[in-house]
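Going by numbering that gives the first Met the number 0, the sequence shown opens with residue 0, and the numbers climb by one from there.
Some hints could be false.
Claimed, not checked - Each computed SDA-like pair below joins lysine to any residue, with the alpha-carbon atoms no more than 25 Å apart:
#, residue 1, residue 2
1, LYS162, GLY220
2, LYS177, ASP216
3, LYS249, GLY334
4, LYS197, VAL207
5, LYS177, PRO160
6, LYS249, ILE236
7, LYS162, PRO256
8, LYS249, SER271
9, LYS343, ILE236
10, LYS304, VAL258
11, LYS338, ARG138
12, LYS197, ALA169
13, LYS162, ALA137
Bear in mind the hints are in silico, worked out from the structure with no lab data behind them. Computed from a prediction, not measured in an experiment: that's the story for all the values here.
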Amino acid sequence: MREIPSRNDLARGEIINGLVDHATKLSRRKFLHVAAGAATFPALSRNAGAQAYPTRPVRIVVGFPAGAGPDIVARLVAQFLSERLGQQFVVDNRPGAGGNIGTEVVVKAPSDGHTLLFVTTANTINASLYDRLNFDFARDIAPIGTIARTSFVMVVNPTVPAKTLPEFVAYAKANPGKINMASQGNGSMNHVAGELFKTMSGTDMLHVPYRGNPMPDLLGGQVQVFFSPISTAIGNIRAGTLRPLAVTTKARLEALPEVPTIAEFVPGYEASAWNGIGSPTNTPPEIIEKINREIIAGLSDLKIKARIADIGSVPLPTATAEFRQLIADEIQKWGRVVKLAGIKP
0 MREIPSRNDL
10 ARGEIINGLV
20 DHATKLSRRK
30 FLHVAAGAAT
40 FPALSRNAGA
50 QAYPTRPVRI
60 VVGFPAGAGP
70 DIVARLVAQF
80 LSERLGQQFV
90 VDNRPGAGGN
100 IGTEVVVKAP
110 SDGHTLLFVT
120 TANTINASLY
130 DRLNFDFARD
140 IAPIGTIART
150 SFVMVVNPTV
160 PAKTLPEFVA
170 YAKANPGKIN
180 MASQGNGSMN
190 HVAGELFKTM
200 SGTDMLHVPY
210 RGNPMPDLLG
220 GQVQVFFSPI
230 STAIGNIRAG
240 TLRPLAVTTK
250 ARLEALPEVP
260 TIAEFVPGYE
270 ASAWNGIGSP
280 TNTPPEIIEK
290 INREIIAGLS
300 DLKIKARIAD
310 IGSVPLPTAT
320 AEFRQLIADE
330 IQKWGRVVKL
340 AGIKP
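Working from the sequences, and respecting the hints, build out all of it.
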């Protein structure tokens, strides 16, 4: 016959069951607490990594020689980032192949923010100019932030019988293929700016590429027109040895306020060089955001603004998403020009 539990046994059983339930609830709470802690640990770790960045010197790879325009701006950026982030930012010049050699160096570097790329308009031109690259710029480089934008000025030798841009267009149409248009090489920024102008204005000029600076031949009259960086031409413009017809940006420049834009006569025209900072893809977003914040803060400094203005540029602070869109738009824009003009490197 089954033994009937006593009142004391029942009480003791209830106590034991209560203790088991309490222990189970405690274990569940502890488990949930540990799980929550495990979930937040990666985020805390990433934030700590971003706060500590940089932990050693950072190199900014520039795909152009020392003393070139991109190098000058890169050294300015390196200086103010060094001051703001407490680690040395060092420019590493890797010239060649229109900037592709330097880009490949960064593509192959660790994605830890300690190797950065000084990005230029050339990177977006090269995406369609070169058939075989060992990287895909839009895929393999993460945009961080833009630095500055530089206009070009369309200048002619004073022997050209055109005082204004409309007069030049009329003269070029009356003399197809007889005007020599200089550039700093096939696929260079001033080359594609000239090709875009030819397409949009309906003119035909003979492209004459130079390995270096075509200014001596422009002054000598061997070539007649050049889409020149402002810093290269402004001395001769002021001396009257070159005649400016128009600038290539959408808005007029403070340095040449009396010179119109090409867009005032050729609606929709715009061609400018810009630069910025990128990193290998998969760089932690916290590090990208930190560098972007410091770039924007640096560009707000009046001394930095003045130094950028001295080289014929204007500060161009943007969010990372805006920089990504700029790159996509420029790859598409210059890809059409390269294809239409049949430009080869």
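* **Restraint check for LYS177 with ASP216, where alpha carbons must lie at most 25 Å apart** => holds, 16 Å
* To do: Take the C-alpha atoms of LYS162 and PRO256, compute the straight-line distance between them, and say whether it is at most 25 Å.
  => holds, 17 Å
* **Restraint status (C-alpha distance of LYS162 to ALA137 at most 25 Å)** => At roughly 42 Å apart (the allowed maximum being 25 Å), ALA137 and LYS162 break the hint.
* Quick one, are LYS338 and ARG138 close enough, alpha carbons at most 25 Å? -> Roughly 21 Å separates the two Cα atoms, so the pair holds.
* **Hinted pair LYS162 and GLY220, Cα distance within 25 Å** => holds, 16 Å
* Is LYS249 within 25 Å of ILE236, Cα to Cα? -> holds, 20 Å
* Asked: Are the Cα atoms of LYS343 and ILE236 separated by 25 Å or less?
  -> violated, 31 Å
* Asked: CA of LYS177 to CA of PRO160, is that 25 Å or under?
  -> holds, 13 Å
* Asked: Does ALA169 lie within 25 Å of LYS197 when you go C-alpha to C-alpha?
  -> With Cα atoms ~12 Å apart, LYS197 and ALA169 stay inside 25 Å; holds.
* Asked: Holds or violated: are the alpha carbons of LYS304 and VAL258 at most 25 Å from each other?
  -> holds, 22 Å
* **Straight-line alpha-carbon gap LYS197 to VAL207, limit 25 Å** => holds, 14 Å
* Given the proposed pairing of LYS249 with SER271, does the C-alpha separation stay at or below 25 Å? -> Given that 25 Å is the threshold and the Cα spacing comes to 9 Å, the pair holds.
Checked against the numbered hints given earlier, this structure breaks hints 9, 13; the rest are met.
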